[in-house]
Amino acid sequence: MAGLLQNASLWGDDIPWLCALREKGTDVFTRLGVPGAKVEDWKYTKPRLLNADDFVLPEAPAQHSCSCGCEDYCDEGCGCRRNIPLDAYQIHFKNGFRHPEHNHFPEGVTVLPLDEAIAGNEDCRRYLGKIADIETAPFAALNTAYLENGVFINIARGIKLDKPLVIICHTCAGERNLFYNLRNLVVMESGSEAEIVEYFHYDGIEKSRYFVNVVNEIAVGKNAVLKHYKCQDDAYKAAHVSLSAVQIKAGGRYQNFCLQKGADMGRNEVRVKLQDKGAEARVDAAYKMSGWATLDTTTVIEHLSPETYSEQLVKGVVDGEAKGVFQGKIHIAPHAVHTEGRQLHKALLLSDTAEIDCKPELEIFADDVKCSHGAASGELDEEQLFYMRSRGIDEDEARRILVEAFLDDVLLKVDSEPVRNWLKTML
Amino acid sequence: MKPLLEIEDLHARVGDKEIIKGFNLTINEGEVHAVMGPNGAGKSTLSYVLTGKPGYEITSGTIRFKGKDLIAMSAEERAREGIFLCMQYPVEIPGVPTATFLKHAVNAARKHQNLPEMDTFEFLKLVREEGRKLGIDNEMIKRPVNVGFSGGEKKRLETLQMSILKPELSILDEADSGLDIDALKVVAGGVNALRDGQRSMLVITHYQRLLNYIVPDYVHIFADGHIVKSGDKNLALELEEKGYADFVREK
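From first to last, the protein sequence lines stand for chains Y and W. FYI, in my numbering the residues of the first sequence are 1 to 427. FYI, in my numbering the residues of the second sequence are 1 to 251.
In case anyone wonders, no lab produced these hints; they're calculated from the structure. Careful, some of the hints might be misleading.
Unchecked claim - Sample of chain W residues at the chain Y side, in silico, Cβ under 7 Å:
1) Lys53
2) Ala79
3) Val96
4) Pro97
5) His104
What the hints assert, rightly or not - Okay, derived cross-link-like pairs now, EDC-like style, lysine to aspartate or glutamate, Cα gap no bigger than 16 Å in a straight line:
6) W:Lys66 <-> W:Glu29
7) W:Lys142 <-> Y:Asp408
8) W:Lys111 <-> Y:Glu395
Yeah, the Cβ is synthetic: ideal placement off N, Cα and C, and Gly gets one too.
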């Protein structure tokens with residue numbers, strides 16, 4: 001029985017820079033702790049679940065075998081492998097440990113388990129821990145304290161990855177209150193292009209409690225394009241916290257879309273630094289929940305250079321006694337003229353007890369910029385419902401169609417049609 | 001002649017306000033009835049009460065449709081039983097393609113009749129055929145329901161739904177509002193195509209103009225929540241000449 005900081009024997013304790021990084025993570029998390037009600041950044045989303053004292057760290061599997069007894073992951077009902085209907089490279093993690101795989105990546109594409117990359121890859125050392133600012137992110141600090149598992153992805157200059165790369169994270173917690181960390185590092189060199197999809201799901205035991213803590217550090221080089229999609233479908237008593245920290249060089253384009261639909265407490269935070277002229281980011285999200293869940297979408301977009309662009313559309317559907325949270329900050333640095341930053345949040349409340357908290361923040365220190373934000377929340381339109389019912393469509397069906405229609409325009413922000421269609425099936 | 005719709009001593013209110021006050025009307029199979037009334041008579045309320053819109057409360061009276069108690073049915077059940085409301089202001093539904101909407105409506109009716117769902121190919125063929133008669137092309141049915149449609153396009157889409165669903169009772173609420181004469185002819189043509197001696201219609205309007213194109217068997221003058229006078233199509237012409245004031249005073 002223990003809290004989030006435990007003595008764990010981690011790989012690589014003979015690598016000084018890695019140890020220093022972990023130590024810093026431990027120090028910062030010890031100082032910040034699980035955020036309480038007074039921490040502005042966590043005002044609406046209360047990570048109470050994470051004050052538990054019965055967290056168990058998963059053990060590395062002795063061999064990569066599955067609970068159903070197969071040698072590899074399979075398509076049996078044990079849920080150890082959940083294929084997604086995409087022609088894609090697939091990387092599987094189970095409780096934070098990577099499964100062996102049989103991908104053959106094209107030349108110029110390096111995909112390594114994080115520990116291997118730490119041991120031998122210069123780029124990994126150059127970027128790891130440098131993009132995410134843990135001083136302002138307690139769980140990223142915690143993640144750094146346990147830095148070990150994850151994936152390192154490097155797309156070489158001018159290379160275009162031919163298929164999406166899907167990272168599938170299975171959690172099989174059973175009776176334990178499992179806690180694990182995942183750390184991914186993506187380095188997109190100049191002019192490279194890729195699509196990365198993250199998918200989080202559990203093994204089918206609906207009531208399992210666990211905490212997944214993810215940090216992605218992403219460097220988008222000059223004129224590189226990264227499309228980063230995510231679907232969070234964790235168990236309904238689970239906690240999921242994720243921070244994607246992104247830096248974008250001149251002319252680089254980054255697109256992020258996250259669908260959150262699982263977990264009791266879910267937070268997807270994206271922090272983007274638009275570092276040079278022409279850097280561009282789209283950060284869109286959708287959330288759909290009921291019960292007592294709190295799902296939080298937090299974005300921080302920093303325009304640090306002139307002629308940088310950002311756009312965000314976030315839409316959510318909240319039912320039951322659930323709570324949707326959107327915090328969106330756009331910061332425009334003093335010299336970052338001719339920039340454009342736009343943000344829109346819309347929520348649909350399906351019950352009287354559903355709640356929405358929305359906090360847009362614009363910090364504009366430059367003149368001659370275009371910046372806007374908007375927020376709206378409402379209920380299903382009674383006139384639309386009646387119109388459909390008067391054509392013979394069941395009330396439940398009509399509601400379902402209207403909810404789908406509400407989320408339709410944000411899903412259209414997902415460029416990749418196969419990914420978009422897959423996400424639609426998750427709604 | 002078999003009665004299709006029988007309304008007896010109907011009283012209904014919206015909030016605290018009683019709007020329908022002792023309304024009686026029987027429509028037999030194959031008949032077209034026009035209900036004409038001044039603004040504020042309760043014409044739209046009548047159409048919503050018959051189609052089960054939430055917020056319209058029936059305080060007393062009975063409505064029977066094909067002998068069944070209509071009041072006990074939900075809006076969608078009434079539709080599946082064969083009642084269709086051609087709305088004065090069709091509702092815009094962003095994000096729902098017209099074709100998807102139509103397919104849901106068609107399949108809801110088929111399910112009710114224990115028929116298998118219509119496949120996409122069959123469905124599109126049906127929509128194309130019926131759409132052609134109303135000047136509705138494929139582009140229009142790809143657009144979200146009524147979004148950005150002109151007044152004429154909206155009414156044509158209402159008529160298309162009527163043509164596809166083939167209701168036993170069509171209620172037309174101010175079907176001519178917002179229509180120019182050409183669009184009116186197209187809509188009236190669609191409506192008249194459904195007049196086969198079996199299907200019935202309730203045409204609600206305050207102008208006689210529409211009745212030149214959809215010629216009724218009976219005309220009723222509706223004021224202050226009930227029918228004050230009934231007659232044949234000539235009553236509409238008389239009304240056009242004299243105005244409502246005379247009839248309302250007669251009571």
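Now for the hints, and whether the structure bears them out:
no.: 1; hint: Lys53; in the structure: holds (5 Å)
no.: 2; hint: Ala79; in the structure: holds (4 Å)
no.: 3; hint: Val96; in the structure: holds (5 Å)
no.: 4; hint: Pro97; in the structure: violated (9 Å)
no.: 5; hint: His104; in the structure: holds (5 Å)
no.: 6; hint: W:Lys66 <-> W:Glu29; in the structure: holds (10 Å)
no.: 7; hint: W:Lys142 <-> Y:Asp408; in the structure: holds (15 Å)
no.: 8; hint: W:Lys111 <-> Y:Glu395; in the structure: holds (15 Å)
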